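With the sequences and hints as input, model every part of the structure.
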Amino acid sequence: MSKINSVGELAELRAAILDQRDAGRPCITTCLGTGCHAYDSQEVYNAFAGEIHSRDLADKVDLRGSGCHGFCEQGPIVVLSPGEICYCHVQPEDAAEIITETVLKNEVIERLLYRDPVTGRRFEREGEIPFYKHQDRLILGQNRLLDPKNIEDYLALGGYKALAGALAEMTPEDVLEEVKKANLRGRGGGGFPAGIKWETARRAPEKEKYVIVNADEGDPGAYMDRSLLEGNPHLILEGLLIGAYAIGAAEGYLYARQEYPLAVENFTLAVQQAEEYGLLGSDILGTGFAFSVKIKRGAGAFVSGESSALMAAIEGLVGEPRPKHINTAISGLWGKPSNLNNVETWANVPLIIERGAAWFKRIGNERNSGTKIFSLVGKINNTGLVEVPMGTPLRKIIEDIGGGIPGGKKFKAVQTGGPSGGCIPEQYLDTPVDFDCLEELGAMMGSGGMIVMDEDNCIVDVAKYFMHFLKDESCGKCSSCREGTTRMYEILDAITRGEGREGDLELLEELAWVMKNASLCALGSTAANPVLSTLRYFREEYAAHIQEKRCPAKVCPALIRYSIDPEICDGCGRCRRSCPEKAITGELNTPLVIDGALCSRCGICREVCHLEAIVVE
Amino acid sequence: MVHLVIDGKGFQAEEGQNVLEVALENGIEIPHLCYHEQLSPYGGCRLCLVEITRGARTFLSTSCTYPCLEGLVVRTDTPDVLRARRLVLELLMPLAPEAPRLQALARQMGVTETRFASDEEVDDCIRCGLCIRACAELVGAEAITFSGRGERRKVEPPFGEEALNCIGCGACVFLCPTGCLHMEDQDGVRTLDKWKRTLSLKACASCGRRYLPFAQIEFARQKGEDPPAEGWFEFCPDCR
Ligand SMILES: Cc1cc2nc3c(=O)[nH]c(=O)nc-3n(C[C@H](O)[C@H](O)[C@H](O)COP(=O)(O)O)c2cc1C
Ligand code: SF4
Ligand code: SF4
Ligand code: FES
Numbered sequence: 003m004s005k006i007n008s009v010g011e012l013a014e015l016r017a018a019i020l021d022q023r024d025a026g027r028p029c030i031t032t033c034l035g036t037g038c039h040a041y042d043s044q045e046v047y048n049a050f051a052g053e054i055h056s057r058d059l060a061d062k063v064d065l066r067g068s069g070c071h072g073f074c075e076q077g078p079i080v081v082l083s084p085g086e087i088c089y090c091h092v093q094p095e096d097a098a099e100i101i102t103e104t105v106l107k108n109e110v111i112e113r114l115l116y117r118d119p120v121t122g123r124r125f126e127r128e129g130e131i132p133f134y135k136h137q138d139r140l141i142l143g144q145n146r147l148l149d150p151k152n153i154e155d156y157l158a159l160g161g162y163k164a165l166a167g168a169l170a171e172m173t174p175e176d177v178l179e180e181v182k183k184a185n186l187r188g189r190g191g192g193g194f195p196a197g198i199k200w201e202t203a204r205r206a207p208e209k210e211k212y213v214i215v216n217a218d219e220g221d222p223g224a225y226m227d228r229s230l231l232e233g234n235p236h237l238i239l240e241g242l243l244i245g246a247y248a249i250g251a252a253e254g255y256l257y258a259r260q261e262y263p264l265a266v267e268n269f270t271l272a273v274q275q276a277e278e279y280g281l282l283g284s285d286i287l288g289t290g291f292a293f294s295v296k297i298k299r300g301a302g303a304f305v306s307g308e309s310s311a312l313m314a315a316i317e318g319l320v321g322e323p324r325p326k327h328i329n330t331a332i333s334g335l336w337g338k339p340s341n342l343n344n345v346e347t348w349a350n351v352p353l354i355i356e357r358g359a360a361w362f363k364r365i366g367n368e369r370n371s372g373t374k375i376f377s378l379v380g381k382i383n384n385t386g387l388v389e390v391p392m393g394t395p396l397r398k399i400i401e402d403i404g405g406g407i408p409g410g411k412k413f414k415a416v417q418t419g420g421p422s423g424g425c426i427p428e429q430y431l432d433t434p435v436d437f438d439c440l441e442e443l444g445a446m447m448g449s450g451g452m453i454v455m456d457e458d459n460c461i462v463d464v465a466k467y468f469m470h471f472l473k474d475e476s477c478g479k480c481s482s483c484r485e486g487t488t489r490m491y492e493i494l495d496a497i498t499r500g501e502g503r504e505g506d507l508e509l510l511e512e513l514a515w516v517m518k519n520a521s522l523c524a525l526g527s528t529a530a531n532p533v534l535s536t537l538r539y540f541r542e543e544y545a546a547h548i549q550e551k552r553c554p555a556k557v558c559p560a561l562i563r564y565s566i567d568p569e570i571c572d573g574c575g576r577c578r579r580s581c582p583e584k585a586i587t588g589e590l591n592t593p594l595v596i597d598g599a600l601c602s603r604c605g606i607c608r609e610v611c612h613l614e615a616i617v618v619e
Numbered sequence: 126m127v128h129l130v131i132d133g134k135g136f137q138a139e140e141g142q143n144v145l146e147v148a149l150e151n152g153i154e155i156p157h158l159c160y161h162e163q164l165s166p167y168g169g170c171r172l173c174l175v176e177i178t179r180g181a182r183t184f185l186s187t188s189c190t191y192p193c194l195e196g197l198v199v200r201t202d203t204p205d206v207l208r209a210r211r212l213v214l215e216l217l218m219p220l221a222p223e224a225p226r227l228q229a230l231a232r233q234m235g236v237t238e239t240r241f242a243s244d245e246e247v248d249d250c251i252r253c254g255l256c257i258r259a260c261a262e263l264v265g266a267e268a269i270t271f272s273g274r275g276e277r278r279k280v281e282p283p284f285g286e287e288a289l290n291c292i293g294c295g296a297c298v299f300l301c302p303t304g305c306l307h308m309e310d311q312d313g314v315r316t317l318d319k320w321k322r323t324l325s326l327k328a329c330a331s332c333g334r335r336y337l338p339f340a341q342i343e344f345a346r347q348k349g350e351d352p353p354a355e356g357w358f359e360f361c362p363d364c365r
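Chains U and E, in that order, give the protein sequences. Residue 3 is where the first sequence starts when you use my numbering, and the numbers rise one by one after that. Residue 126 is where the second sequence starts when you use my numbering, and the numbers rise one by one after that.
It is possible that part of the hints are untrue.
[To be verified] In silico DSS-like pairs for lysine-lysine, Cα to Cα no more than 27 Å straight-line: (1) Lys-411/U x Lys-135/U; (2) Lys-183/U x Lys-209/U; (3) Lys-518/U x Lys-279/E; (4) Lys-326/U x Lys-279/E; (5) Lys-411/U x Lys-551/U; (6) Lys-398/U x Lys-363/U.
Treat the hints as calculated values from the structure; they're not laboratory data. Just so we're clear, the structure is a prediction, and the values are computed from it rather than from any experiment.
Structure follows, in structure tokens:
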């Protein structure tokens with residue numbers, strides 16, 4: 003490939019690529035994203051490739067391996083165009099049939115279609131499936147349309163058009179103004195307006211400036227940044243280039259989590275391709291703009307995603323937070339102005355520049371423009387990555403997109419914002435999901451984690467889980483954070499063991515206050531959120547543990563008792579055989595009994611009983 | 126020079142000085158454990174909290190890490206400041222229950238007891254990092270570091286093995302606020318138990334007492350530091 007030397011040549015190249023491609027030709031897209039990959043989607047892809055080869059269909063059918071589509075639970079997912087027929091749980095054995103029936107004869111294979119777990123209804127087209135239908139997949143939706151390892155796919159979709167437009171027709175100030183007008187708020191957690199941060203960095207006196215992508219994504223269960231980097235690396239790179247142009251930076255960094263090898267691989271490849279095509283380097287598209295990117299791999303600590311810690315890590319120091327009384331946008335990497343944004347924030351930039359701030363502002367609500375990607379997990383029918391306009395009510399995400407709670411259980415709370423977010427109960431389900439509303443509820447947007455809980459989740463146990471994570475991930479520098487999280491965890495643990503004492507809740511609140519006010523970084527100052535928000539909405543559940551030594555959700559082993567209802571038990575002996583503690587005794591065919599002293603409350607008997615005779619109190 | 130106000134009184138400070146330094150120089154007491162005027166501020170103990178008003182914002186911050194800025198307004202004795210410091214001290218006390226300095230601070234600050242129990246394996250270290258900074262910044266030996274995150278954080282020689290860079294100068298022992306570090310000279314050998322370090326000592330040419338680690342003399346020589354006088358290391362301080 004020879005270098006593209008001008009904006010005009012980029013347009014010509016795009017035209018040439020499109021010319022070679024037949025838009026109407028059938029295409030089989032297999033998701034090779036992390037979720038589907040875990041279900042061996044690579045084998046499915048290989049099976050398609052084998053069929054296409056052996057049947058000599060290479061010039062009649064296109065085959066594409068794409069990044070994550072978001073509906074990971076249904077993987078491996080295969081989408082066939084034209085028609086956007088979506089097949090779920092596809093196995094390598096299905097490849098031949100799919101080609102024969104659907105690709106060549108346009109016949110839909112009923113059994114591979116998505117089936118709604120509640121209504122049993124099947125859906126043919128991707129866009130009809132409720133999970134997709136209620137989303138607005140501006141960013142994530144592109145994943146399905148391209149092979150992340152192929153820059154031509156991205157160019158064919160209009161890739162680098164926004165960059166070309168910015169370089170050719172806009173001054174850096176114009177770009178800055180557009181991003182400010184769009185009110186793009188940081189997707190990494192804080193919701194800080196990107197345009198204002200960019201402006202601070204641009205105006206800082208030092209000439210040498212940096213732009214950085216934060217891809218440290220450490221929240222348990224979150225993988226939106228990973229899916230974007232793996233599935234559409236050129237989009238992030240294009241956003242970063244536009245930002246560098248606006249800010250006046252000649253060098254950029256991607257700081258990626260150690261555990262994301264594929265994301266690093268695809269981004270590295272994207273950088274190499276962009277260099278070859280003249281989209282990175284000394285004279286980008288012949289405009290004189292120069293920019294290069296380096297990739298830095300993280301050491302795997304959650305706290306190194308914090309801005310000052312991340313910059314320390316890039317400098318080769320220990321990835322621990324540093325006091326930053328001067329903004330990192332003014333004095334960051336090696337004391338130079340450094341603009342750090344989250345992966346998803348950067349991904350929005352090309353869209354804003356190409357379609358304009360006015361268009362962007364129409365999506366979302368007054369103070370929160372654009373979409374947000376969430377990872378929807380927990381007690382929910384459709385788990386996966388969900389992208390909706392900001393301001394979408396929680397209820398719509400959970401009920402319409404997520405398909406509600408499995409097994410007819412009752413919704414209890416949704417935890418948003420990652421480990422230092424908060425739990426939101428049923429009565430606030432109609433709250434619009436945006437930075438400000440979530441914070442008012444004592445939760446936060448965070449990077450977009452959403453964990454749904456049902457009546458079987460104990461709220462004290464949930465708070466304890468997050469505190470355990472935070473106490474392990476605190477860097478340990480500040481006494482308030484290190485000791486605070488540790489003590490909070492100890493108190494929560496004691497409460498779940500039935501050793502809670504009068505005054506514990508007040509002590510938790512006191513600790514929360516000191517952690518918030520005395521800690522250096524946001525890990526420590528927000529670490530008490532999971533406790534504070536659950537205390538706010540579920541105080542009686544804490545009280546039941548402490549005063550009545552009772553776990554209302556029947557989760558905490560020390561506070562529940564297993565017994566067998568003699569009226570129901572037929573003495574079949576299933577439970578007696580399965581009990582790992584040998585706590586169940588009695589004559590077969592007569593009601594059996596559980597010895598409370600031996601019982602470890604593992605719940606296996608309850609699972610194996612065919613009569614629901616096991617009682618938990 | 127910048128101007129700032131501490132507890133209602135105006136002060137001048139050099140740019141780059143931190144708030145704690147200026148307060149202490151002017152006789153305003155702020156309790157602190159991890160700060161030392163000859164070492165870079167660290168901000169770990171969180172005891173030196175003060176209330177800072179900068180522009181429209183008022184918040185608590187550690188004074189040892191806060192730079193003096195023009196127009197800064199500092200209060201060292203608001204109810205929130207005192208309450209936060211007391212809680213921080215309560216959190217630190219179980220880490221070194223016997224340490225006289227912590228007990229003295231507790232008396233000064235009106236903390237009579239801590240509501241938190243000590244660990245069974247209490248090692249008396251409050252993770253203030255003074256020893257590490259003394260070793261790196263004053264001595265230049267860089268023999269010890271923090272290892273581990275969160276509650277597993279502790280001071281260690283590299284890989285938990287003998288601290289081979291340790292020259293046995295004892296700066297860490299001298300600065301440790303809890304007295305949890307020990308240095309002992311016996312039979313011509315100096316031992317620093319926590320760093321798993323033993324060093325052989327040079328004898329005084331006059332009284333014969335073995336008093337100085339050979340490693341320390343060697344270190345000074347390699348750093349190109351000339352002894353104050355010819356034969357300086359030959360005699361112990363008593364005989365010089
Ligand atoms: C403990 C901690 C961990 C963080 N981890 C991440 C992360 O993994 N990814 C991220 O984008 N931001 C993370 N942040 C937020 C960053 O500090 C920073 O605000 C963000 O990257 C700025 O980008 P944005 O404005 O585009 O959101 C973390 C913050 C804290 C306090
Ligand atoms: S608040 Fe916690 S994570 Fe942040 S610097 Fe202090 S100890 Fe480290
Ligand atoms: S050993 Fe002493 S000086 Fe070193 S961190 Fe612990 S308490 Fe501080
Ligand atoms: S003296 Fe300031 S934090 Fe320790």
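Status of each hint after checking the structure:
Between Lys-411/U and Lys-135/U the alpha-carbon distance is near 24 Å, which keeps this suggested pair within the 27 Å criterion. Proposed proximity of Lys-183/U and Lys-209/U is supported: the alpha carbons are some 25 Å apart, at most 27 Å. Taken as a hint, the Lys-518/U and Lys-279/E pair is honoured in the structure, with Cα atoms around 24 Å apart against an allowance of 27 Å. Pair hint Lys-326/U plus Lys-279/E holds up; C-alpha atoms about 25 Å apart against a cutoff of 27 Å.
This hinted pair checks out: Lys-411/U and Lys-551/U have alpha carbons roughly 24 Å apart, not beyond 27 Å. Proximity of Lys-398/U to Lys-363/U is assessed by CA-CA distance (about 21 Å); at most 27 Å being required, the pair is judged to hold.
The structure agrees with every numbered hint stated previously.
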